[in-house]
Amino acid sequence: MNENIFLSIDLFLLSYFLILNGFYGLLLILTNPELARRFQEIKANESYKLLLFNLVPPVSIIIPAYNERETILASVTAALQIEFSHFEVIVIDDGSTDDTFSLLTTTYQLFPVPPVFPSILQTAPVKHYYRSKLYPKLLVIQKENGGREDAINAGINASTAPFFIGIDADSFIEPDAINRLMQHLLTKRNICAMGGTLCIVNGCTVKKGKITEAKLPPSFLGTMQVVEYIKTFFFGRTGWNKLGGSPLISGGFGLFNKQAVIEVGGLKKMLAGDLELTVLLHKHMHEKKEPYVIDYMFDAIVWTDVPQTYSGLAKQRKRWHSSVIDVCWRHRRMIFNFKYGVVGFLHIPYLLLGEGLGPLVEGFGYIYIACCFFYGVLNITFFWYFILIAWGVSMFLTIASVIMQEVFLRKYISSRQILKMVFFAFIENFTYRPLTVWWRIEGFFRFFTKNRFMREKMDRSLSVK
Amino acid sequence: MENYQEAGIFFAQSAALSTSLFPYEIIQWLLIIQFSIIGVHTIAALVSTPLSSFFSKRREQKLAIFKKNLLICAREKTECSLARVPPRLRKIPFLIPIMLQIDGEIKDPNWDRIKKSIFQNVLFPIAQKLTYSRKWAERIQAVGCFLYLSDKQNEKYILHLLGDSIPIVQYSAAYCAAKLGTSECVNAIINEMNRSNRFLRHPFREALLKGDDSSFEFLEARLEQDADPVARLSCLEVLSHHMNAHIADLAERDLHAPSKNLRIAAIRALGHYFDPKSHRPLIDLLKDPEWEIRAIAARALGYLKAQEALSELSSLLKDPVWWVRMNGALALKRLGEEGIKKLQQRQENQSADEIARYVLTLNIYE
Numbered sequence: 000m001n002e003n004i005f006l007s008i009d010l011f012l013l014s015y016f017l018i019l020n021g022f023y024g025l026l027l028i029l030t031n032p033e034l035a036r037r038f039q040e041i042k043a044n045e046s047y048k049l050l051l052f053n054l055v056p057p058v059s060i061i062i063p064a065y066n067e068r069e070t071i072l073a074s075v076t077a078a079l080q081i082e083f084s085h086f087e088v089i090v091i092d093d094g095s096t097d098d099t100f101s102l103l104t105t106t107y108q109l110f111p112v113p114p115v116f117p118s119i120l121q122t123a124p125v126k127h128y129y130r131s132k133l134y135p136k137l138l139v140i141q142k143e144n145g146g147r148e149d150a151i152n153a154g155i156n157a158s159t160a161p162f163f164i165g166i167d168a169d170s171f172i173e174p175d176a177i178n179r180l181m182q183h184l185l186t187k188r189n190i191c192a193m194g195g196t197l198c199i200v201n202g203c204t205v206k207k208g209k210i211t212e213a214k215l216p217p218s219f220l221g222t223m224q225v226v227e228y229i230k231t232f233f234f235g236r237t238g239w240n241k242l243g244g245s246p247l248i249s250g251g252f253g254l255f256n257k258q259a260v261i262e263v264g265g266l267k268k269m270l271a272g273d274l275e276l277t278v279l280l281h282k283h284m285h286e287k288k289e290p291y292v293i294d295y296m297f298d299a300i301v302w303t304d305v306p307q308t309y310s311g312l313a314k315q316r317k318r319w320h321s322s323v324i325d326v327c328w329r330h331r332r333m334i335f336n337f338k339y340g341v342v343g344f345l346h347i348p349y350l351l352l353g354e355g356l357g358p359l360v361e362g363f364g365y366i367y368i369a370c371c372f373f374y375g376v377l378n379i380t381f382f383w384y385f386i387l388i389a390w391g392v393s394m395f396l397t398i399a400s401v402i403m404q405e406v407f408l409r410k411y412i413s414s415r416q417i418l419k420m421v422f423f424a425f426i427e428n429f430t431y432r433p434l435t436v437w438w439r440i441e442g443f444f445r446f447f448t449k450n451r452f453m454r455e456k457m458d459r460s461l462s463v464k
Numbered sequence: 000m001e002n003y004q005e006a007g008i009f010f011a012q013s014a015a016l017s018t019s020l021f022p023y024e025i026i027q028w029l030l031i032i033q034f035s036i037i038g039v040h041t042i043a044a045l046v047s048t049p050l051s052s053f054f055s056k057r058r059e060q061k062l063a064i065f066k067k068n069l070l071i072c073a074r075e076k077t078e079c080s081l082a083r084v085p086p087r088l089r090k091i092p093f094l095i096p097i098m099l100q101i102d103g104e105i106k107d108p109n110w111d112r113i114k115k116s117i118f119q120n121v122l123f124p125i126a127q128k129l130t131y132s133r134k135w136a137e138r139i140q141a142v143g144c145f146l147y148l149s150d151k152q153n154e155k156y157i158l159h160l161l162g163d164s165i166p167i168v169q170y171s172a173a174y175c176a177a178k179l180g181t182s183e184c185v186n187a188i189i190n191e192m193n194r195s196n197r198f199l200r201h202p203f204r205e206a207l208l209k210g211d212d213s214s215f216e217f218l219e220a221r222l223e224q225d226a227d228p229v230a231r232l233s234c235l236e237v238l239s240h241h242m243n244a245h246i247a248d249l250a251e252r253d254l255h256a257p258s259k260n261l262r263i264a265a266i267r268a269l270g271h272y273f274d275p276k277s278h279r280p281l282i283d284l285l286k287d288p289e290w291e292i293r294a295i296a297a298r299a300l301g302y303l304k305a306q307e308a309l310s311e312l313s314s315l316l317k318d319p320v321w322w323v324r325m326n327g328a329l330a331l332k333r334l335g336e337e338g339i340k341k342l343q344q345r346q347e348n349q350s351a352d353e354i355a356r357y358v359l360t361l362n363i364y365e
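Chains E and U are the protein sequences, given in the same order.
Numbered according to numbering that gives the first Met the number 0, the first sequence spans residues 0 to 464.
Numbered according to numbering that gives the first Met the number 0, the second sequence spans residues 0 to 365.
Bear in mind the hints are in silico, worked out from the structure with no lab data behind them.
As the structure is a prediction and not an experimental result, all values here were calculated from the model.
A portion of the hints provided could be inaccurate.
[Claimed, not checked] When the alpha-carbon atoms are kept at most 25 Å apart in a straight line, the in silico DSS-like pairs for lysine-lysine are as follows:
id, chain 1, residue 1, chain 2, residue 2
1, U, 67, U, 106
2, U, 209, U, 276
3, U, 332, E, 42
4, U, 134, E, 132
5, E, 42, U, 67
6, U, 115, E, 187
7, E, 42, U, 90
8, E, 42, U, 114
9, U, 332, E, 136
10, U, 259, E, 257
11, E, 42, U, 128
12, E, 287, E, 257
13, U, 276, E, 42
14, U, 56, U, 67
15, E, 241, E, 257
16, E, 338, E, 282
17, U, 66, E, 42
18, E, 42, U, 56
19, E, 241, U, 134
20, U, 332, E, 187
21, E, 42, U, 106
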């Protein structure tokens, strides 16, 4: 009897491990055609330049800001100096209580314009619209506090372009990021949304909104996150392009078709507005039965600020995880539903079983092994083999992603940086990963408590002028 | 190896797996393979940057030598041979940027001759072959080559590329075709334009406008003969930037067509041509039930500075639709002093007042 229970637990753990890592391997394989495509795009780069670039559709860059006095100016400066002809920058001051707005007013010489933008999406009341005397492309909206998603909806109302890009107020957009997205926009039809890579700005040198030198952050958690971000963004997201579209376009940097977003009712006022929006877009397009593309572009870059302290990171991860569970719960009817095709059979089950329940299974495995060891029934030899295989798989994925960033992003390229990243990949499984598992388990249980919709203010470690 | 039977084979003691049949050797081999792959990748990560920079440097050196030779040939008026360029570098993405650079540096009839012979002998054959390639990145190279130097002999290939599935190849091919400006090319562009949606047809229009002037005649002929509303719409959209009296007459026929888009295009076309004759039909459209028609007619009248529309335009300020109010107010501002006076008057309606104040702050000539 006991043996059967143990056997089934063993088989469950082993098969979960094999299926999940097999899927990761599949994603890594599917990344290769995308890389080949990117190589072709780079080769054809000169031909793109031969064309006049002003035939691409215009883009609005929407920057919601709530108490972001440290970074808002640098972020807006970076957005205003992108290498692209048709764009407008819309900054939304979401009822900040610090001097975010007065900084903007004095720096850009804002003057009020009457409220004449049609309100397509419902938002918290807008107080004033401002334009800048220095930059005609800048529009600042001052509204009452309603959350990040509400602020983006207000920006969508004011935008005049068919596409918009949402970036955070603590992020710096790379000057050629939009050109990269536009190249993709000109080679595929029916683009619904596109995502880009988030790189970590901590430790880099920022001058006037430009990253002049990319360096790894000095702290342990910072460097760990650089390695983690490269891994998630490269092999974890690019492969999805071939599997029916990315399951998550990050709110930190994503380009959306405004019409499609308006059709699904804008961003929902909840924690993971970006994840919810992506799933809603998939759902809406499947219901409309129209072809659509939700792609992820790995070499359009936005630099962002990440928490450097233990408590700040813990808060962020708990929030992310409870929001993943939240979105899966909202869209539970889509799971294994023929109506939604590949999204119902792959995307949502992956979000739920791979992302949502993954840490629970992993945490349970740790406890289970500890118990087995305690009672002396652990097969030590097999245990070591298993650990080595698991360690090797995750290390391989990380190093493969490091090579991809070296070839395509060319940000961390000195051999010292690469050796450091390989070393961090080496120790990740024993130091950083158990920590994230613990945070994500906490986040999972936070979903069932009442304060799951709380959004904490991130501790700023960065101050850029 | 004996203690496996006692301790169980997996994490815990389990009967089914507790045999020594469990394939440990395979796992050992897997581990060896895995870690050797990791080792190879680590080394690759370390050497790839120096290697790639070394090779790109060497390629650039060779291309620089080629460029130098070309410049010497152009100055000394001698024939140039491509023998010095290794076959690996005889590719469109390498050669065309160099040509563009030399174009910026010297202006010389001899260079034009050399350039033409390089295109005829080397680049056009490559591009013609790449036209039928299955990779879009190669088709885009082909079209880039055709775009750089337009030649009637490539018409067949350009027309083939115009029906491509990748938007940017299509747009570039439209540019080439518009540069040639033959009747077949113009009609093919219009046919492609008919098939596209609102955003995607814009580049075709730009292409035709920047292309050869002879294309406008063919467009006018097509507008006169074709009865298909979509084709008429496409023609009118292009011709509205190149108006004459005949086109204005043709456009006036479409003001009350069943298709709304065609009506809008016709109003726009009339708005681009200064002719007092067309003011009256446009003013009549300000009372149309469709709000888009009202808005665009108001905008057209503003461009035409039609003073007789003053009272009708000011009544548009009370329109329920925001866009109509906005365009009406903008048109009033464009009319000049009279219109601005109208805007400065106190409006009884609150929304009308708001829009009038906003428009007065705008700089409409920016």
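A quick look at each hint next to the structure:
no. : hint             : in the structure
1   : 67(U) to 106(U)  : holds (16 Å)
2   : 209(U) to 276(U) : violated (29 Å)
3   : 332(U) to 42(E)  : violated (50 Å)
4   : 134(U) to 132(E) : violated (48 Å)
5   : 42(E) to 67(U)   : holds (23 Å)
6   : 115(U) to 187(E) : violated (34 Å)
7   : 42(E) to 90(U)   : holds (11 Å)
8   : 42(E) to 114(U)  : holds (22 Å)
9   : 332(U) to 136(E) : holds (22 Å)
10  : 259(U) to 257(E) : holds (23 Å)
11  : 42(E) to 128(U)  : holds (17 Å)
12  : 287(E) to 257(E) : holds (16 Å)
13  : 276(U) to 42(E)  : violated (54 Å)
14  : 56(U) to 67(U)   : holds (16 Å)
15  : 241(E) to 257(E) : holds (24 Å)
16  : 338(E) to 282(E) : holds (9 Å)
17  : 66(U) to 42(E)   : holds (20 Å)
18  : 42(E) to 56(U)   : holds (17 Å)
19  : 241(E) to 134(U) : holds (17 Å)
20  : 332(U) to 187(E) : violated (42 Å)
21  : 42(E) to 106(U)  : violated (28 Å)
Comparing the model with each numbered hint stated earlier shows that hints 2, 3, 4, 6, 13, 20, 21 do not hold.
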